[in-house]
Each structure stands twice: as C-alpha cells, then as structure tokens.
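Number of protein chains: 6
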Amino acid sequence: MYFHVQRLINEIEQDEPDPAAANALQEGLGGQFGEMRTMMQYLFQSINFRGAAAKPYRDLIQGVGTEEISHVELIGTTISRLLDGSPAYQGKKSDPIDKPGSAGAIPLNIALDQGNIHHYLVGAQGALPVDSVGNPWSGSYVYNSGNLVLDLLYNLMLESTGRLQKCRMYEMTANKTARSTISYLIVRDQAHENAFAKALETLGINWKNTLPIPKTNAQKFPEVKRLLDLGLQSKQYSFDLTGQSEAGKIFQGMSPSKDGTKLDAGEQAPEGVPSTISPERFEEFSPGADKDLIALIEATAAMEMADIEATFGALNAPA
Amino acid sequence: MYFHVQRLINEIEQDEPDPAAANALQEGLGGQFGEMRTMMQYLFQSINFRGAAAKPYRDLIQGVGTEEISHVELIGTTISRLLDGSPAYQGKKSDPIDKPGSAGAIPLNIALDQGNIHHYLVGAQGALPVDSVGNPWSGSYVYNSGNLVLDLLYNLMLESTGRLQKCRMYEMTANKTARSTISYLIVRDQAHENAFAKALETLGINWKNTLPIPKTNAQKFPEVKRLLDLGLQSKQYSFDLTGQSEAGKIFQGMSPSKDGTKLDAGEQAPEGVPSTISPERFEEFSPGADKDLIALIEATAAMEMADIEATFGALNAPA
Amino acid sequence: MYFHVQRLINEIEQDEPDPAAANALQEGLGGQFGEMRTMMQYLFQSINFRGAAAKPYRDLIQGVGTEEISHVELIGTTISRLLDGSPAYQGKKSDPIDKPGSAGAIPLNIALDQGNIHHYLVGAQGALPVDSVGNPWSGSYVYNSGNLVLDLLYNLMLESTGRLQKCRMYEMTANKTARSTISYLIVRDQAHENAFAKALETLGINWKNTLPIPKTNAQKFPEVKRLLDLGLQSKQYSFDLTGQSEAGKIFQGMSPSKDGTKLDAGEQAPEGVPSTISPERFEEFSPGADKDLIALIEATAAMEMADIEATFGALNAPA
Amino acid sequence: MYFHVQRLINEIEQDEPDPAAANALQEGLGGQFGEMRTMMQYLFQSINFRGAAAKPYRDLIQGVGTEEISHVELIGTTISRLLDGSPAYQGKKSDPIDKPGSAGAIPLNIALDQGNIHHYLVGAQGALPVDSVGNPWSGSYVYNSGNLVLDLLYNLMLESTGRLQKCRMYEMTANKTARSTISYLIVRDQAHENAFAKALETLGINWKNTLPIPKTNAQKFPEVKRLLDLGLQSKQYSFDLTGQSEAGKIFQGMSPSKDGTKLDAGEQAPEGVPSTISPERFEEFSPGADKDLIALIEATAAMEMADIEATFGALNAPA
Amino acid sequence: MYFHVQRLINEIEQDEPDPAAANALQEGLGGQFGEMRTMMQYLFQSINFRGAAAKPYRDLIQGVGTEEISHVELIGTTISRLLDGSPAYQGKKSDPIDKPGSAGAIPLNIALDQGNIHHYLVGAQGALPVDSVGNPWSGSYVYNSGNLVLDLLYNLMLESTGRLQKCRMYEMTANKTARSTISYLIVRDQAHENAFAKALETLGINWKNTLPIPKTNAQKFPEVKRLLDLGLQSKQYSFDLTGQSEAGKIFQGMSPSKDGTKLDAGEQAPEGVPSTISPERFEEFSPGADKDLIALIEATAAMEMADIEATFGALNAPA
Amino acid sequence: MYFHVQRLINEIEQDEPDPAAANALQEGLGGQFGEMRTMMQYLFQSINFRGAAAKPYRDLIQGVGTEEISHVELIGTTISRLLDGSPAYQGKKSDPIDKPGSAGAIPLNIALDQGNIHHYLVGAQGALPVDSVGNPWSGSYVYNSGNLVLDLLYNLMLESTGRLQKCRMYEMTANKTARSTISYLIVRDQAHENAFAKALETLGINWKNTLPIPKTNAQKFPEVKRLLDLGLQSKQYSFDLTGQSEAGKIFQGMSPSKDGTKLDAGEQAPEGVPSTISPERFEEFSPGADKDLIALIEATAAMEMADIEATFGALNAPA
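Chains as they are written, first to last, in the numbering used here: chain A, 379 to 697; chain B, 379 to 697; chain C, 379 to 697; chain D, 379 to 697; chain E, 379 to 697; chain F, 379 to 697.
Hints were generated in silico from the structure; no laboratory data involved. All clues given are correct.
The list treats identical chains as interchangeable, and a pair is accepted whether it falls inside one copy or across any two copies.
Calculated cross-link-like contacts (lysine-lysine; reagent style DSS-like; alpha-carbon spacing at most 27 Å): (1) K593 x K554; (2) K598 x K554; (3) K613 x K433; (4) K640 x K598; (5) K586 x K627; (6) K640 x K586; (7) K627 x K433.
Kindly produce the complete structure, drawing on both the sequences and the hints.
Here you go:
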C-alpha cells in the first residue's frame, strides 16, 4: 500500500520557460530508460518476486521503485514548469477566458516550431507520458524475467543508461530549471547503480574499477558536483513507513563505485520541499477554478450539510 | 513524494491456480481501462494541475491516484497467485534446480494452450504490464486535457468503464482468488465514480438517477454485496501522510449514486493485510535465494563489516 | 460529402453463433488487408489525388472507396451476429438486468477459451477495429505514394491479397453466417482487382493470363460460384448520387480476368437489404433502452415541446 | 450502405501554402480526438448497436458518424492544399518530369525543417492518417463499450475534446485556408456536443450551465462567430437518403448549451461546394495523367470498343 | 558486405507438424529477446562502433551478429517445418489447385484453435516476424548506447535472457523438430554469453561463479548435453571471409563459465547442412511453380536468348 | 548460412556533417519502404519459399535479400558519418573524458533543433532502426503471402516505392555524403525492379513501356547518371559462395525497363571498399578503448595465456 505527502523530493530552480528543453526532459520521463520505466519495472519485480529468503533483495527493489514514483513526480513537474507560459506569450490573468485568440490572435504559434506540439495542443503546457520524439511509453519496456541475477543485471544496466542519457541531456541546455532536476537524477541514478551493483556483488561479481558506468566524470558538471559532495550517490532511502525493509542488509559497506564512501541505507526519506500548484493558462482553456466556481463550491458544500442534517440529524455529520 | 508499507490494500482469497482467469484479470491491470491507466492518468493530472483555488479537486485526484498504485499492487499480486504453480505442474521444492526438464520432461506444456504464453515464457508465472490479448500498456491511454471539467468527465467515464469490465470479468470465472479482487475493485471503482460525479455536481451537473453507471445491479454478486453492505462504495481515503488533503471539501454530502449513503472522506487509509513473498519456481529458473546464496550473503555482510572497520574504525559503522 | 441508407449491401445468412469464426473474420475487417484498410486507402488517395486530366482514375478509386465503407458495415455486422448470444449462453430477455451473474453465475465463461476475449470484455459481443490476433488497425497501413502507377499497382496487390485471405478464411469454417459474407467479399474483391488491373492496362500493362491473382479457382466454393454466375465480379457501382463519376471510362471493355465477361459500370448501387438492430444482451450490461427508459424519453420529449411553446409560442415548433 | 457526391461539406478559403499549419491540422484528422476517430467510433457504435426500442439513439449516432466521413474529406483536402507547392518552391508545370532535381537542384529541401517530413517524402504533399507528431492513427482509439449511457458520455467528452483542440489550433495560425476549416469544425463539434448532451438529458442528466464544454468563448474568434450567428451549432443533418432516421426524436427542443436556440434536425444535409482536383507536382513524381497518358487512355477505350463489338456484336455494347 | 551459402547452420530433426510448438518458437525468432533482435542489435552496434583501437570488440560483435542472421534462417525454417501440413490436414499434391475447399471443405479449420491464426491466414504455413503472442518485431528493441561497457553489459544480459527463454521453451514441448533447434540455440547462446562476459573481463569485471546466467543446469536436457559434450558453448566462429577479424584477441583463454574449457575462436564457420525447399501447399494457394509454369519459364528463356542474339549477335551472349 | 567481409558495398563520399540530411536518410534505413524492410521481407520469403521447381525464383529473392543486408550496412554507415561531430561542435580528442560539459558547457545543444534528438540522446551520433519521423521499424511491414505472383508483385511495388522515396530524398539535400549513397541506392533499386519485373514477365505479364516505375528520369541527377552509364541498373549479383544460385535463369535477356541493356547475373559481388571505424566522441561518453584499456586488454591476454599453460601445458595452447 502506498502513501503520499504534498512535497517534492528535490527543489526545482526557477528559470525562463524553455519548450525545447522540456522536450528533451521527456526522454527522462517517458523514454525507454526514463523514470516511468524504472518505476514500473521495479513495481512489477516487487509484486512478482519469488523466494522469502531473498527478502532483502525484494526490499531493495521495492525501495528504489517507490523512490521512482517521486522521480516521476519531480521530472513531470519540471517539464510542466519549463512549458508554462512560453517566452512568446505570457497570458494575462486579469481577464481570464475572454482574451485568448480574441480578434484572431495567435498566442500559441510557438507550438509550431519548438519541441513537441502536443505539449500545447493535447496537453495544456504540461508533461506527457511520451519520450523526446513523441513515442508513447510502452509496457513492453518493463523487464522482469523472474531470475534474480538477470533482473539485477538488467536493473544495473537500466540505471547506467538512464544516467548516460541524463549526462547527454545536461550537455544540451543551460536552463537552470532543467539542470537542477537533471543533476539530481544523475546522482540518484548513480545511487541506484550502486544498489544493484552491490546486490550483484553479494551474488559473486567483483566490479573492480568498472563502476560507475559510464565513466562520465559527471563531477565536471558543477551542479552535479555539489550533490556528490553531499554524498547523495551513496545513500538509499527506504520510503518504508513501518521499518520492515531489510534493504540495508545489502546496501551497506564500501561503495562499489570505489569512491571511498560507505553505503548508507539508514534514512527513511529525504526532507523534500513543498509542492505548489501551477497557475491558470487561459489560452489553453485551462482555467482551474475561477471566482464563480469557488462561490459555487462553497454554496454546494453548505447545501450538502443542510441536506445531511435533514436526513441524518445534525449530530450525525461526517467525521 | 511517495511512501510504502508492506501491506496489501485488501485480502486475496486462496483458491486453485487458474491461468485463464489470470489472463482475464490482465485487462484490469494493463488494459486501456485498467489500474495502470487510472494510476498514471491521475498522477499526470495531479502533476500538471492548474489553479491554486481548485486545490480540493487536485487533492481528490491525487488521493484516488495514490490508491490506484495500491490497486496495481493488489491486482498484480492476484494475477501472480493465479499463475503460480499451474494445475498441470506443482514443482517440487526439495531438489531445486535439477529437476525441471530433466530427462526431457515438459513441466510447462500448459503454457501452449491456456491464457497468455508470455506468463510462462517471458515472465516466471507473474503479472505483466499488458492487457488480456497481450497488447502492452501504452502512454497514449493517459488523458489529461488540462481542462478541469473535461478531465473530471473523462475520469468518471473511465471509472465507470473499469467497473463495467470488472462486472463482465466476474461473470467469466468462479475462482475465489480472482473474485475476491474483482469484487473489491468493483466497489472501489464505484467509490471513485462517486468522487468524480460529486466533483462534477459542484460544477453544476445534476445526475438524477443516472448513477452508478452502468446499472449492473452488482449487488447480485454475493462477494460484491458484502462490501456494499460495509459502505465501501461511499468512502474515499486520503493516503495523505500529513493531513494537507482538502479532498473532503468535495467528497462529502449525500452520495450521487442515490443509495441513501453519505460520502465519507474521513479515513486516511484502510488497514490492509500483510503482503507475502511468492515461493520459488524452479521450472522457471526463478530460484530466488537458495541455501548457498544465503550463506554467501551473510559472508559478504561480515566481510563488509570487517572492511569498513579497517577503513573507518569500529565506531564508524553504518547507522 | 457522404450519405447513408439503412440497408446492408448484401444479405447475411442466419446460422449458429460462432465466436472463433467471428475472430477469423476480424482479419477481413481490421487486418492489414481488410476492409477498413481498403476504405481508408482509397479515401486518402481520392482526397490527395493530383491531375484533373486523370479524373476517371480518381472517380474509379473514389467509387471503390465508397463501396468499402459499406463493406466495413457488412463484415462488422456479420461479426456482431456471429458473436451474439454465444452457444454456451442464451440470455433470458424476460428479466433483464437482474439475472446475469446472479448468485455467482458465469454466463460469460466462454470468453476465456474461444476467439478474442475482448469481444466479451471490452465490447458487448460486437465487432472491433482489430485483426484476428488482436492488433489494433493502424494508419501506417495506408499506402498513398501520390504516383498514379504505383498507387494502382498497390491497390491491385491489396485487393488480390484481400481475396487470398478470404479464400483461406472460407476454408476455416462452414458457418453459413460467416460464409455468406466471405463469399460476397471474395467476388467483390475480384471486381476491384478487375478495376485496378484495367486501369493499369490503360497505362500500358498487358496481364495476359495472370489474372485473377491468386488463381484460387474460387468457383469450387459453391457460395462463390453462385455469385460469379451472376457476374458480380465484372460490375462496379458508382455510389455517386449526381452522376458525375467518370469511372466508366476505365471500367469498360473485356474483363482483364479473361473470363469472357464485359466490365459494366452502369449501375449506381446494388439494391441491398434492410438492416436490423441487434437484441439486448443483459449479461453484458448492454440494455439499450428498457421500458423505463422509453417512458422517460417520451416524457422528456413532451416536456421539451411544452418548454419550446413557452419560449417561442406554439406556432414556432421545430420543423 | 453509403453514397457520395462530388462536393465538399464546406468551403475552404484560399491562402498561401503553410506546411507547419498543415501539420497542426493533422491532429484534427488522424489524432486521438480527430475526425478519423469520431468517424470510426460512431460507425462501430452504429454497427454494434443493441435494442430496437432505442433506434433514435442509433440513428443519431449513425447520422453524426456519416457527417464525420465528410469531415475527414474536408480536413484532408485542407491539409493537402496547405502543403501543395510549398513557399520555397512552386514547380513549373510547362516541362513536367524533366526539371525536378535536374543538375542537382533541391526543390524539396523545405521538408527538412518544417512540419512532418513524411508529407514530402512518403506522400506527395498530401494528407496522412497520422497525428501532429506523426503517430499513425490506431484502432485502439475507438470506444464502444456497448453500454448506451457510457457510449454517449464518451461521445460527449470526445466531441468536447475535439473542440478544445481545434480552439487551440486556431490560436496557432492565422492562415485562412487553415482557419476556414478549423472554425467550421469548432462549430460542428459543438453541434455534436449538443446532440450527445441532449441524448443524455433524455436519460436523466441535467447539465445546467455546464455546456458547452469547454467554455472557450469561441465567439471571440471572428470566423467562428459568423457560423454561430448562422445557428450551425444547433443543427444536425441526417445524411439519410430515405428518411428513415429517427434522430429528430432526440435532437429537438432547447439547446442544452443554453444559448437560447432550438435544436433542429430537419435538414438532410448542407449544400456543400464542388470539390476540385489538385494540380500535378512533378518534383514529387506525381504527374497524374500527362498528354501521352490521355492519348493512351483514349486509344485504349477505342480498342476496347472494337474488341467488344468483335466479341458480342455492335448492338451489345455496354449500357 | 555479406555473402550466403545454401546451407543451414545446424540440422533440423524430422517430426510431426505441431502448430502450438511453432508458435512458442516465434518468441525465439521475433520476440524481444529472439534472434531477429540479437541480429539487428549487433549489426547496428557494428555499424555505429567507435574507436579504432577497440577493433577486437567490434569484430567480436560483428562475428556474433553475422551468426545471428544464420540463426534467424535456422529458427524460421524450423517454424515453417512445424507448421507445414498440419496434423488435421495433409494436402494432396496430385491435384493441386482444384481440391482445397472444394464442395465447401474446411482444410484450414485447425487455424481457429491452435497457435497463431496468422500462420494460416496471413502467411502460408510459414514463419512470421512476430513474437509468441503476435506482437510484430519492433525497432525499439535494439539497444546501442554507443558506450562500450554498457553495450557489452546489455549484450550479455540479452544472450542470457534468450537462453533462459529457450530453456523454458524446451520444457513446453517434446517435439523433436522443435527441440533440435531449441537445444542448438541454448548452447550457442551460452557461447555468446561467454563472448560478452570475456569482453567485460578484459574491461575489469571478475564474474567468479556467476556464469552461466541463468543457472539452468541445461545439461539435464539430453539434446543439450550432447552439444555441450562437443564443446559448442566454447567456440566462436568468425564468419569472416578474408581473415581480418581480431575477435580472437578477446575470445581466448579459460571460459568465464568456469566449466574447465578453453575458448576457441579458430574456426571460420561450422560445416552446416544443405537447405531444402518446402513443398507446395495448395490449400494456401501457395503453388510455387507447377508444370505449366516451368514450361513457360523455359520457353521465356529460349525466346530471350533469340531476342538477344537478334540484338547483339550470337557471340555477344551474357556470360 | 551467412558470411561477412570487412568492406562496404559502395564508397561513401566525404562532406560536412549534416544531422537534418541524416534524418531524411533514416527513411531509407528504417522506414516502411527502406532497406531493413527489403532485407527482412526477402529473408522471410526465402525461408518460407515453397516449390522446388521454382528454385530460380527463390534464388533470385535470396540474392537480392543478401544484397539488402549490405545496403543496411551502407546506409547505416552513411547516417553515422552525417551525424558524426556536428557542425556546432567538433570534440577535442586529446583530453577525452574530461572536457565534455565541463564548467557547464552545452556541446550537444544542436540536438534540440535539428533532425531527430534521439541521434544524440539515445544513440551516440549513430544510425537508429527508425524512420524519418522516429517510428521504430516494425515486423508488420514484412509481406510474405506465400503466393508467388503476389509476393513478386509486392516486391516490384516495394522497390519502385523505395526508389521514388530516394529520388525525393535526393531533391532534399546537396550534401555529398548523403547523395553518394542515395544515388547508388536509386540505381540498385532499379536493378531490383528489373529483377522482379523480369520474374513476372516469365509468369506472363508484358510491361510494355511501364518500367521503370516511377518515371523519374533520374538520369537528370548527375550522380545517378554516372552509375547508369556503368550499367549498374542491369546487373544482379548472386552473393552466393558456392555457385548454387539459379537466379540467372530469370535475370537474363533484355531489360524490362526497355533501356536497350541486357540483364547480367554473371558477377558474384561488387568489389566494395574497405570499411573503417568511426572516431571516439567523448561528448557522448562513447570512448571506445583508450590507452588504459588497451594496456588492460594486453595484460589480460598475457595472463590468460599463462593460465592456460598452467592448466593444459604449454603445448596445448589454443589453435
């Protein structure tokens, strides 16, 4: 069973909107080696896991999988912010549903030549479950052979490829909103690499100097370096509410990346930052709730209460 | 940010393995109107939501979306149990990896004529992210127009269709493992119908006697009736850890299904039941951890500890 | 612009329901060489056609394309009848929505082991836009290179392959409902072969004894022979309401199939037979309109009339 | 059975070619909420419809579905005109097949950086059955649950989403060719919204001020306002040749959009405008029929006639 | 550049036709971890390879990739033989195109309930580029990150998964035709595992007792044991015609599978067995060349020769 | 069984990198009418071929199919060269893994607005198995009806469409690297047209002046003219190592293209040119083998040798 808090797992920096960068980040969300895939792959591996004696491996996969849901939330929100209010048009909020397109204006013409037109036409300047060339995410991406060694080996390769792609993505844009999330995920992908590499070590493989894969020297990226200095590549959270996770039996000892750090599975979760709600975008006919609507909601609630009192009596109001 | 507990949201009854029923349930997991879709659709709608004044709607969608992750876990586990150890072959556990196929035996021949052959060939008798005819789940299923009324209308139609399909599924098998989960989801789909219908009521629609859609009289199904009598169709949990959800501002008052119940958003989550780990299936070469492996894991952990003590000193062991 | 009459282009014989035959016919509806594809391919070729001097070719393609819409209607209806009320369960109509599944019955269990489970689970015993292994129809099937010779060559090959597949389908089932439509389409596919082969003859190709492709000797199939004796393989209808089609400039002279017949483009359309509406299937929760609903419809209509009279005055009722 | 006239359902204004706008319009043709989808969805719902007592609903769906075929024709032709002879190159017609590419020219280089390269490479500057990011149309889009209320609810949501997307499309381009068709379809989508909303009203739902969905105030778009003033949002044609449609039993009374108009199902079809054939494009090797070809066609026809006279005698010429 | 000899890489044993086993083998041909995928993946990795100093790795991948083309040929031919002349119908060859379906016979009715109906309806009892549930092979399967370590790691995992699936396939059928090819591919997959594992060893990884992955103890399968005893799991052929391959610099030394064998890259290719052509299947309208056709071919050849002599003179005949 | 030589089938000219042209060429590699499709189609048709008496047709298809593998190699390599080191960034090779992205540089920003972003993000500036709008190649493209006439007719249409698309591609770019391969493939496609047209002639069709299809007058393209003058459109190689191919029984006599040439099947293969390996691209983290790696490889080889000597004795070293 899963729970939620209204916090993002990491902070997203403010910068200008940038639809082309938003599109590149879609690879990290809905691509074959993106966060939707890691999330679903680990969820299925946890559900179908076999062998009670191997519970620490299940718990490790389950913990990483739960983190990936928060990564989907983080990168999706980042894409949404990169798209919101394109440079070509900053919608006026004073006169909501009347202005867009009035007198034949073309506030959305940016959609024709930057990034993915679906961001403006199908969604309302928000993230989509597709990759950076518009292919919808597919269930065929999920790998779960049921053989523990193979599943771990695939997971290691998956995290390494995800990190490789994010390092390439980093080299495509200097937008700070994009980079704050890209850099965080580069470091967390390395933590997950460490997790699966360590699990394979317990099964007999000696990685010597192979890790991390690939050798990107990502510490050359200043935003990444800051997070590496904090040791985030060597921590794995449990995201487990009742302390039953045994992932720490595996995620311990020296890092297989040979960077001189110890692996640490001691924390339940990072602190995170409050999540906020995006503003209305009237040119997308995406108004959320306007003044009339709020009044209506309040009136409805009042009526409901009266209704219930009439039916059940005043003392019987909902808890 | 998301958290997990090692409990299933509802109990799964014990019964015989039944690969054909397992395959029918795949529609409820990976089909166009299954739990992976509701989960992803509500996650994306929450991430891309616009309008701070409409927060109660966002929180309602977020809460239902979080529940759907647990539904994916529930129905995936149910499929896994329906597949595990098909009637045609109950693997011996005493002599793990030597027996399957030895002397040319065909322990998996059931795969050729029941349900989905991928359950035995690609997975190890476990759930897959596909529908009941084997189509992989697709990101193109997710609907998130960014227009609140349209998104709510779609969500209502989605839950109603999900319930319709599960009622048809109920009529396809008498297997108790299958039915315990089908019935639970029929009732929870109705709760979600109520949630989105109520939200649309606050925006001005009067459903009169239209709900629930479809009129299946599902109370004729004994397993469903038991849950309706408990009022599960009129409860919505928040799954919110810090009490910030405002979904209760919408999910209140009389049920739009006109069954005389009050909507109740007061509970954080159901209690659930402990989740367990499936046994090994050696004919799938899915051994989990055998005796040798466990010894290896313990030895590795001991070595790691020595290693760390050597590097950092005994007092500096991981928390 | 398109019009419709409530008639099927050919009669469908009565026989027992047969879900497996229904599934085979899906190839002829939603398969890569089925009627949805010919319909869409010719529609696109007509829309994108170039060269006013080549109007007779456009009109020929347009006429065949319009016929294909009626073929989609015909084969879809045939599949629907083959599925309706499977042999394993003939739903009682006296007590509509209460009986199905009551006391835990499994009226739809046939769905688990015959044909395509989606026929019962996603649709309500009706045709689907998929092929015989469940692949959804895809726009990538449509061929329209814009080069007239290539488009005609592809169309000839397409009709020939469609006829080949239907001849194989004929050999898979003796069900009369299935065969009446299969046989009709075998003969009409040959007429369309003749149409495109003749068009290529006008562009310089001499087919000698190559046609029809393939040499199936389909006249060995008794139902097909009856239609060949009527000369249906040598007629092409215009389906054109105002007599502007010039397709007859091409579809004339001796048949390229060298069967001694003359091609005849003189008729606007076949007579067809009245189309009927399928009965309700309550086990699918597909009730159509029951007694309550009909009363409601009538009451609504009466209210509307009163409403309009109040607004516009009695004399101003809708035409 | 279906018929055709050589007229477009609405006039397309003349303007410059515009490949990027053409690509945006592809969403309205081959997108998940475009005209191919509405057409196919209503065709399948009509074919599989259950319950003779509900015939007016079937006829309503059938009538809208027939109109959608003409919409496919309209928007496809519009895309074709937007692509024809790109701004970068207006092919000479005097010297047809010799000039393109001669001496190494690059008349099609525009294809590399505007819209969809397939418009120039796979098609010959014509419409394709794909959406605006190039995904082929898929049969998995079609919704036909067989439950009347759900099918109507989905249809309402489908038309509303189609209208939403077209309003966004309107805001992307000022090209008059594009806008004349976009605006017409915005208004017709609203008519179809009214049709399905009204049908749901007869089944008990009161929409109050919810319609039209979304609240785009599309009357701010001048081209749309002109059509609304003509009342096109409140008319539904039958496209039925023999007057058997009972759709008028539903499509009557006050508009559910509460715009003070009466619904009117009295007309068979709009008048339409003559359709024309596009010019040759030699740089695409899409010549249609040149002088030689026309001579060949005429010669072939003469020979055929002689051939037939020789076989059947002069009096036996084709009707 | 590639060349071909008319020999199969391994012998296929004779046994009864078995359409269900044929369908299982499709996973090994067109599945996500089948031979088409390995072939294409290694071809692309060879084409896109970077770094002249790493030529031995390129040559290793190229050599395995060339072998995979022959594996596609082998498993495709095996499927074709398993389908040819199903048990339910052995077509008479004496009276070719007249008998099938004559008098309404149903020689292909087996297609409705065994394996993949497309084997009989779309193909003529031959192999298809699809997996065992009918999904077409997809280019999205191919992995080629361009990072050498990641590509090798993926290749190792790919071969191991292929071997896992083939071991499961072995346990599904006792048909000798199926098993002779399954067993051969199990052993060759292990050879390829060894190749990629050894390449990773040179890059620093120590596999200890991890290989082969998975630990299937496939030597319990008698047909596999025979091939292991021949040492086929420790040989890698170059398939290189001019001796430029440097793969032997890597594929040498002790096997990483720790079975006590030495790796041997000394042979160019196995000897193979002559390939034969399948018989005609008239019920599929797949006649190949009949007596008339052969006469026609010979006559055409004679005419051509006369034609050429007339044009070029007798001495100028083609070489 | 297949073999390989380390030579490309034709020379690729040197020119500037050009990612947009590279993307257009993807249609010729992974598109519906590209080289992967012809290769796979002919491979499957060869494998599933029926009728020993028709061996010359099988051998013709097999020979063309083998050539197509080399075409995949040629066009893939061409795309790779067009992408390598984009104009915007020429990576320094002196300081491999440290420079890219250092201090926050964006060496890959070209990926955001030219061609296919996957060329830089998923691959390392290399060819992908997709078409020019990013759709992955699909097994559903392969046509193999099993009817010889239909298969040949489809093959003719396929080659003609491939040639049409390449002629359009030629008109999109003046880049010499792109054009040298496009032109070669235009001419070879015509040779394959001739092959299948001739095969259909032997079966009775007279093409008169229809061929080549389409009438592109490609000799106006200077690079194409040079190859036509060499007669490459009238040669077909066997690629058969042991001289068993009987394709020459069909590919002989006057060319069906009526260009006055004789068809010539006398050569085994063209000479080809040596293939080279691409340089490292450090900004893609695609280093191949650096100095450390090479030392490691050599050390490993030495150790292996010692290891083997210890185990087997010095005389027993690998052959």
